[in-house]
Each structure stands twice: as structure tokens, then as C-alpha cells.
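**Q** Sequence:
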Amino acid sequence: MVSEQRLPATFRSLYRLFLRTSSASVLHHPVARVNLRQRWRPIFEQGARMTREVNQQPNTESADWLRSRLASLQEWNDRMDGTLRLLYSSCKSRGLPHQLTRNLSYFVTSQRQLIIRELQKAQAWQPHNTYPSTPLPYTKKALAAMEKQDAQHRFRCNTDLAINEVLRLAEGYGKLSLGDNVAQIRKRKTRV
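So the sequence shown is numbered by this note's numbering: it starts at 1 and just counts up by one.
Some hints here could point you the wrong way.
Below, computed lysine-lysine pairings styled on DSSO-like, alpha-carbon distance capped at 27 Å [claimed, not checked]:
1) K121 to K92
2) K148 to K121
3) K175 to K92
4) K141 to K121
Bear in mind the hints are in silico, worked out from the structure with no lab data behind them.
Make a model of the complete structure from these sequences and hints.
**A** The following block contains the structure:
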């Protein structure tokens with residue numbers, strides 16, 4: 001089992017500053033705050049991984065490897081500086097930066113709702129349809145419904161790809177990070 005080394009104080013301080021700034025950028029709205037944290041968490045995990053690699057670098061690694069890791073870590077730090085500037089300006093004014101962070105939060109919510117809707121639509125097991133072993137042929141109505149469902153799924157995938165591409169272009173142009181578009185579903189805690 002690999003022991004987790006503590007991250008440097010500067011990294012932890014950057015993460016705490018990000019948490020405070022992202023919360024202020026959406027006016028401390030609880031759902032939006034959680035959405036933004038979820039959106040940027042994989043980016044910070046990637047930065048933590050790179051920081052640990054550099055700090056735990058064995059002596060057998062080459063100087064080129066270390067130089068490339070330090071360069072990528074410096075680029076990550078520069079992007080986080082840009083992200084913090086965006087979030088800070090978002091909490092100071094209600095202009096374009098604030099609308100951007102609000103819409104990123106809405107995007108996470110809509111992605112999560114899509115996943116939940118698809119899980120709820122998942123076909124339940126119907127014991128009377130398991131026998132006979134040969135399935136019944138699909139009707140025209142069922143085939144049309146399946147076709148429509150496939151078209152909707154393709155449309156959602158294409159729109160996600162288009163939004164991802166626009167976000168990556170904005171990240172490259174602005175030298176900042178806008179987070180990941182991966183929505184996660186957490187199980188609710190049941191009260192006893």
C-alpha cells in the first residue's frame with residue numbers, strides 16, 4: 001500500500017483559496033457551490049498527482065523527466081492563477097465572468113439530471129417477458145420509439161462534444177481552467 005504524502009502548504013493554500021473564491025463567485029449558493037467544486041475537483045487531483053510525482057521523484061529519473069514535470073506543473077499553476085482571477089472577478093461584478101460561472105454550475109446540474117433521468121428510465125426486469133426463450137419481434141411502434149431514443153442520445157453526445165470543444169478553446173485562449181464536464185452521481189445518505 002502506497003502511503004499518501006502530505007501535499008505542500010502552498011498547494012493546500014491554493015485549494016482553500018479556490019474553494020472560498022468559487023463559493024463567493026456564485027454568491028455562496030449551496031447547490032452552485034457544490035457543482036463548481038465537483039467541476040474543478042478532477043483538475044486539482046491532477047495537480048496533486050503531478051506535485052506528488054515531483055516531490056517523490058526517485059534519483060534514477062533523468063533530468064529531462066524532471067524538467068518536463070516541472071514545466072507541466074508550472075503551466076498548471078499558471079492556469080489556476082487565471083481560474084482564480086476569473087472567479088474573483090465573478091464575485092466582484094455581475095458581468096460576463098459571473099454569468100460564465102453560473103452557467104457552468106447550471107451545466108453540471110443539467111448533466112446530473114440527464115444521468116438520473118436515464119437511470120430512472122432503465123428498463124425494469126419483467127419476469128413474464130423472459131420466457132419463451134425466443135424474443136418476440138418488435139412492432140413498428142417499438143422500433144420507431146427505439147429509433148427516436150437513439151437519435152436523442154446521439155444529439156446529446158454531439159452537443160456535449162461541441163460544448164467540450166468550445167470550453168477547451170476558451171481555456172487555451174484565456175490560459176485558465178474551466179474544469180471537467182464529468183457529472184457524478186452520489187448516493188444519498190439515508191437517515192436512520
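**Q** Failing hints, ascending?
**A** 1
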